[in-house]
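Assemble the complex: chain L is given as a structure, and chains R and D must be docked to it using the hints.
Protein chains in written order, with this note's numbering: chain L, 1 to 597; chain R, 1 to 285; chain D, 1 to 227.
These aren't lab readings, by the way, just hints derived from the structure by calculation. Please note that a few of the clues may not be correct.
For each label pair, taking beta carbons as the anchor points, the in silico distance ranges come out as [claimed, not checked]: (1) L:Gly430 to D:Gly109: 38 to 46 Å; (2) L:Gln373 to D:Glu113: 19 to 27 Å; (3) L:Ala23 to R:Gly111: 49 to 57 Å.
With the Cβ distance kept under 8 Å, some of the chain D side facing chain R (calculated, not the full set) [to be verified]: (4) Val51; (5) Thr67; (6) Arg71; (7) Thr72; (8) Ala75; (9) Gln84; (10) Ala87; (11) Phe89; (12) Glu96; (13) Glu115; (14) His185.
Yeah, the Cβ is synthetic: ideal placement off N, Cα and C, and Gly gets one too.
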Amino acid sequence: MRRADGPVARRTVAGVPLDGPVARWAVAGVLAAAAAYGLAAGLPAYWVFLAMSAVISGVLLQSLGVVAGQAGMVSLCQMAFAAIGAWTTAQLNVWGVPGGLYVWLPLAGLAAVPFGLLIGLPALRLRGVHLAIVTLGFAATVDVVMAANSFPGVSQGVVVGRPAGLTSDRQYFLLCCGVFALVAVALALVRRTRLGASWRALKESERATAAAGTSVPAAKLSAFAVSAFIAGVSGALLAGQLAMVVSRNFDPGQSLVAYAVAVMAGAHHAEGALVGGALGVLVSELLRRLGVPQQWANVVFAVGAVQAMTQGSGMSDGLRAALRARRARRSDARHADTGPGVSAAAGPEAPALAADGRRAALRIERVSVRYGQVVAVDDVGLTVLAGEVHGLVGPNGAGKSSLVDAISGFVPTGGGLVEVGGVAVAGARGGAAVHRRARAGLRRTFQQDRVPVGLSVREYLRFAARRALSDAELEEGLAGLVTAAPGDPIAALDVGARRLLEVAGTLLARPAIAVLDEPAAGLGHAESERLGAWLRRVPARYGAAVLLIEHDLDLVRAACTGVTVLDFGRVVAQGPPAEVFAEPRVLRAYLGEEPAA
Amino acid sequence: MFQGLVSGLAAGGTFAALGLLLTAMYRLTATVNLAVAATGVAGVYVMAALAGTGWPYWAAALAGVAAGALVSAGCGLVMTRWFAESGPQTRTAVSIAQLIGIIALAYIAFGDEPRVLPNPAAGRVATLAGVVVTQGAVVLLALAVVIGAGTSLLLTRTPLGLRLRAMAERPVTTELLGIGTRALTVTVWALAGALSSLVLLVVAPVRSSDILSLSMLIVPACAAALLGGLRRLAGALAGGLALGLLEGVLAGSAVVQQYRDVVPFAAILLILVWSRRREVWDASR
Amino acid sequence: MDLVLRDVTVARGGRPVVRDVTLTAARGQVTVLLGPNGAGKTTLLEAVSGVVPVAGGEIVLGGAALTGRPRTHRARHGLAHVEQGRAVFGTLTTRENLSLAGDPRRGLGLFPELERRLDVRAGLLSGGEQQMLVLARAIGTGPVALLLDEMSLGLAPGVVRRLLPVIRRLADDGCAVLLVEQFAHAALALADSAYVLSHGTITYGGDPTPLRESDAALKRAYLGDDS
Numbered sequence: 001m002r003r004a005d006g007p008v009a010r011r012t013v014a015g016v017p018l019d020g021p022v023a024r025w026a027v028a029g030v031l032a033a034a035a036a037y038g039l040a041a042g043l044p045a046y047w048v049f050l051a052m053s054a055v056i057s058g059v060l061l062q063s064l065g066v067v068a069g070q071a072g073m074v075s076l077c078q079m080a081f082a083a084i085g086a087w088t089t090a091q092l093n094v095w096g097v098p099g100g101l102y103v104w105l106p107l108a109g110l111a112a113v114p115f116g117l118l119i120g121l122p123a124l125r126l127r128g129v130h131l132a133i134v135t136l137g138f139a140a141t142v143d144v145v146m147a148a149n150s151f152p153g154v155s156q157g158v159v160v161g162r163p164a165g166l167t168s169d170r171q172y173f174l175l176c177c178g179v180f181a182l183v184a185v186a187l188a189l190v191r192r193t194r195l196g197a198s199w200r201a202l203k204e205s206e207r208a209t210a211a212a213g214t215s216v217p218a219a220k221l222s223a224f225a226v227s228a229f230i231a232g233v234s235g236a237l238l239a240g241q242l243a244m245v246v247s248r249n250f251d252p253g254q255s256l257v258a259y260a261v262a263v264m265a266g267a268h269h270a271e272g273a274l275v276g277g278a279l280g281v282l283v284s285e286l287l288r289r290l291g292v293p294q295q296w297a298n299v300v301f302a303v304g305a306v307q308a309m310t311q312g313s314g315m316s317d318g319l320r321a322a323l324r325a326r327r328a329r330r331s332d333a334r335h336a337d338t339g340p341g342v343s344a345a346a347g348p349e350a351p352a353l354a355a356d357g358r359r360a361a362l363r364i365e366r367v368s369v370r371y372g373q374v375v376a377v378d379d380v381g382l383t384v385l386a387g388e389v390h391g392l393v394g395p396n397g398a399g400k401s402s403l404v405d406a407i408s409g410f411v412p413t414g415g416g417l418v419e420v421g422g423v424a425v426a427g428a429r430g431g432a433a434v435h436r437r438a439r440a441g442l443r444r445t446f447q448q449d450r451v452p453v454g455l456s457v458r459e460y461l462r463f464a465a466r467r468a469l470s471d472a473e474l475e476e477g478l479a480g481l482v483t484a485a486p487g488d489p490i491a492a493l494d495v496g497a498r499r500l501l502e503v504a505g506t507l508l509a510r511p512a513i514a515v516l517d518e519p520a521a522g523l524g525h526a527e528s529e530r531l532g533a534w535l536r537r538v539p540a541r542y543g544a545a546v547l548l549i550e551h552d553l554d555l556v557r558a559a560c561t562g563v564t565v566l567d568f569g570r571v572v573a574q575g576p577p578a579e580v581f582a583e584p585r586v587l588r589a590y591l592g593e594e595p596a597a
Numbered sequence: 001m002f003q004g005l006v007s008g009l010a011a012g013g014t015f016a017a018l019g020l021l022l023t024a025m026y027r028l029t030a031t032v033n034l035a036v037a038a039t040g041v042a043g044v045y046v047m048a049a050l051a052g053t054g055w056p057y058w059a060a061a062l063a064g065v066a067a068g069a070l071v072s073a074g075c076g077l078v079m080t081r082w083f084a085e086s087g088p089q090t091r092t093a094v095s096i097a098q099l100i101g102i103i104a105l106a107y108i109a110f111g112d113e114p115r116v117l118p119n120p121a122a123g124r125v126a127t128l129a130g131v132v133v134t135q136g137a138v139v140l141l142a143l144a145v146v147i148g149a150g151t152s153l154l155l156t157r158t159p160l161g162l163r164l165r166a167m168a169e170r171p172v173t174t175e176l177l178g179i180g181t182r183a184l185t186v187t188v189w190a191l192a193g194a195l196s197s198l199v200l201l202v203v204a205p206v207r208s209s210d211i212l213s214l215s216m217l218i219v220p221a222c223a224a225a226l227l228g229g230l231r232r233l234a235g236a237l238a239g240g241l242a243l244g245l246l247e248g249v250l251a252g253s254a255v256v257q258q259y260r261d262v263v264p265f266a267a268i269l270l271i272l273v274w275s276r277r278r279e280v281w282d283a284s285r
Numbered sequence: 001m002d003l004v005l006r007d008v009t010v011a012r013g014g015r016p017v018v019r020d021v022t023l024t025a026a027r028g029q030v031t032v033l034l035g036p037n038g039a040g041k042t043t044l045l046e047a048v049s050g051v052v053p054v055a056g057g058e059i060v061l062g063g064a065a066l067t068g069r070p071r072t073h074r075a076r077h078g079l080a081h082v083e084q085g086r087a088v089f090g091t092l093t094t095r096e097n098l099s100l101a102g103d104p105r106r107g108l109g110l111f112p113e114l115e116r117r118l119d120v121r122a123g124l125l126s127g128g129e130q131q132m133l134v135l136a137r138a139i140g141t142g143p144v145a146l147l148l149d150e151m152s153l154g155l156a157p158g159v160v161r162r163l164l165p166v167i168r169r170l171a172d173d174g175c176a177v178l179l180v181e182q183f184a185h186a187a188l189a190l191a192d193s194a195y196v197l198s199h200g201t202i203t204y205g206g207d208p209t210p211l212r213e214s215d216a217a218l219k220r221a222y223l224g225d226d227s
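If we strip away everything but chain L, and leave its shape as in the complex, we get (with noise of 0.2 Å):
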């Protein structure tokens, strides 16, 4: 939780401010260890087990919130990789592996990993439904080899061993504590790194993360290898706590029951994590004292579920929306003003550009689009020269979203060629995948808003350019586009809002050509007229030629300096906006034939 820290006084001890976020989290890291200290001392021993119970349901329910909550892939056998840990360490155990369970806790993670990937490979084709369904069936494979072959020397009754030092439930509950703390943190590092961005953009959608550059099976893969990993410790940690295991412990109706956990307690967070783990354990155990069957409980996770699904979100998410408006409140009574001031003349001006002999920056050639035998795109050829905004126009339905796809690479080119900054992206051999494209300069936006929503603002502008940002920079980059702080989350922004801070996003990638796909759409007159006039300095400020799909004439009016116009999937006019807007054959495209008078 960063947010932009306004020019406020500020207590601090040796030069830490107190109210920063390093102290926010020093602050609750050290509670966070008084607290598990407390525990392991002061409580009786069975709640002792009980709360390592609950820690290590905890880390199982983390990774969970890495693939199903953060990349928003359903996932029904966390269960199953965790039987795989705990049965490397039954292993390891039997063969006596020195370094015990420090070393196995690892290395149980390890030898799931490979499960993982296993399950990610389908995901790369699979999703939704699909994946649900996979997921659960490798849930119940595992749970059939399991059961057809015993743990590790549970048939000569050989216990995991715990290493000294972790011989008491106490200190072996501060071990789960600090397993627990440690993916914590790991997977709370991630999240600040492109990495664990792009989990996050998966979940809103696959083509924007390969359009902002990121490969998406690489973005599926590691989410289900580091799941993976994290419920391999789990299962170790189990493993050990228990000291003997077996397949009952791991049943795939428990896989089911830790998704829906997840998703009730917003598993993606770790207090969320935290939460889930601690309810799971809190509620059988009120549950029993009340004399009322333990299935209740399951009862209980069924329907928060359900209702968490109608919120879209789980309890971490509201609690932290919750701290955030708190925050933001006393935030304002200090100083009103946070955001970046909006101005239109913000930002210095790079040197213009030599008006002649310019490369270009995007070259196509008989680009054609075919779906089964509608003609979409037919033969369509266009330049747009660096340091250009030009803009491509056209009725509803004459080409030019599938020109877009067929240049970015989400659709063949039918041969065509596509150049970016002079080198070919696409030719007759086929064309580079969507990621590749992107990073060799050629950046695009999209009609549907595919913000991610489970990003910050600085967090999305870091992923989109692909590279680290300074506050200035950021500042600089949503200046005179987009009213947000970079704190901000962006599920707190509306659309209009968010499909330009897209546009931020892309143009900070400083691309060779960024191709806007309708970025006033749902603008009121005035913002769109003042888009227009700011999109008329991209090249300068960014160095990034433009094209750009409009509806709005006014805004290509006052942006471009060239325009293409498509109708019925050929290029009609090209030319200065002035004289191709003059064109009749431009005015009948839009309007329709003259009635025969």
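Only chains R and D this time, still in chain L's reference frame:
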């Protein structure tokens, strides 16, 4: 080998029948209803409870079918009330929660003691080359075929079916024509619950009386449904039968017998990856 | 019965895309709503038929308030909406498409060319036939008000000329027709009154004659200010 095939008939009929229900529900309501077997289990246990208090079997079974329909209709109501605009993934996730809830409530209501379920279809129909064909197997096969053919007829020959197909293709356009989709959806759910109860009434006495393992029949049912691409009823029917027969044959070999339940998963994976190898991208544009 | 919109505002994703629109589609008349793409025409129609909720304002049909009522209620009240993009049920036959709406004969009377295509799946019809089908289907519901969205989209001019007289006849029979079009000329030829929507607000409303006689006003709406 032959013995294996015959013993796989009952399993095949079960997988096919449940796979058909999954397919029909996915087509009509855009939900992979993972709770469909569990609703049938609820029906079975209501039957068992009533039969235990002295109801005649047929009356108890009828009440069980009604209970299954009711439970399923309740799940359908939740879907239409809160998830009408949600995508298939969310709706399927909701059905996971419903599966957990139904299993838990069934354990609460009926306990987790294994119980002997009355089996009216225990008799033998024929003995083929020394292998007994039970009434249950025949009934299950017949049920699968009847469900398949009945669903197909309902969809293509009745006004209700016409509305259901319209709703499946364009729910908003259907409503714009003045046809309420909520009641239609709940009807589908209730019918599926009733049919699932019917299937499980026959299968539970011979397979298992455990609530969880019966509910988990959803896994091979999913495999069967996927063999029809979650769209083709005939594919689901054939797929379920094939899976059951394969399982039966494998059960004959001592080495692979304990792994026979792995077959559905392997089938799921291969079919899915092959059939969707070109699905490089998610939702269009 | 007149269809009346008062101060209708529609928001999408937290942002108003249609603002304070007031218009009347009178009984027995063809009312044309023009405007460039992205102006909010489709959204406005969707709000009228209940596909999307309104953020403010009132929708009244024949004196009865429809605002906030479910789609099915509005449909049963006599409001028919022909969506953009020829929303046929592609897996159903022409006959099945028509019988969903009620009596197939009513629509077939206006489009006899559909008769010989009755048992063909609607997905296999030509674009023109599909547009006739959705129109015939809407007519089959016996509408008192008919919303038509971008009927001419992607159709050959000949087909459009075939459809327009049918709309005229519907209006003459007493239906209130609200016709949304991007291609203005053909629609204006038919209009009894016309509105222009731009950036979500009405910029012209009333007599269609000035729009018919000079392209200047339309040009301003479509191609921007200084052309």
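Q.
Just to be careful: measuring from the Cβ of threonine 72 of chain D to every Cβ in chain R, is the smallest value less than 8 Å?
A. 5 Å, holds
Q) So the hint says 19 to 27 Å: do the beta-carbon atoms of glutamine 373 of chain L and glutamate 113 of chain D match that? A) 22 Å, holds
Q | Hint status (Cβ of histidine 185 of chain D to nearest Cβ of chain R, threshold 8 Å) | A | Since chain R brings no Cβ nearer than about 28 Å to histidine 185 of chain D, farther than 8 Å, the hint is violated.
Q) Does glutamine 84 of chain D pass the interface check with chain R, least Cβ-Cβ distance below 8 Å? A) 11 Å, violated
Q. How about glutamate 115 of chain D: closest beta carbon in chain R under 8 Å, or not?
A. Hint violated; glutamate 115 of chain D Cβ to chain R Cβ min 20 Å, cut 8 Å.
Q) Does phenylalanine 89 of chain D meet its interface restraint, that is, does its C-beta lie within less than 8 Å of any C-beta in chain R? A) This interface hint holds because 5 Å falls under the 8 Å limit.
Q) Going by Cβ atoms only, is alanine 75 of chain D closer than 8 Å to chain R? A) 3 Å, holds
Q: Grab the minimum C-beta distance from alanine 87 of chain D to chain R and call the hint holds if it beats 8 Å, violated otherwise.
A: Nearest chain R Cβ about 5 Å off; hint holds.
Q. So does alanine 23 of chain L sit 49 to 57 Å from glycine 111 of chain R, Cβ to Cβ?
A. 54 Å, holds
**Q.** Hinted contact valine 51 of chain D with chain R - closest CB pair below 8 Å
**A.** Status holds, d = 6 Å.
Q.
Let's test the interface hint: is any C-beta of chain R closer than 8 Å to that of arginine 71 of chain D?
A. 4 Å, holds
Q) Does the Cβ-Cβ separation between glycine 430 of chain L and glycine 109 of chain D fall within 38 to 46 Å? A) Taking Cβ atoms as reference, glycine 430 of chain L and glycine 109 of chain D lie about 53 Å apart, which means the hint is violated.
When held up to the earlier numbered hints, the structure conflicts with 1, 5, 9, 13, 14 and fits the remainder.
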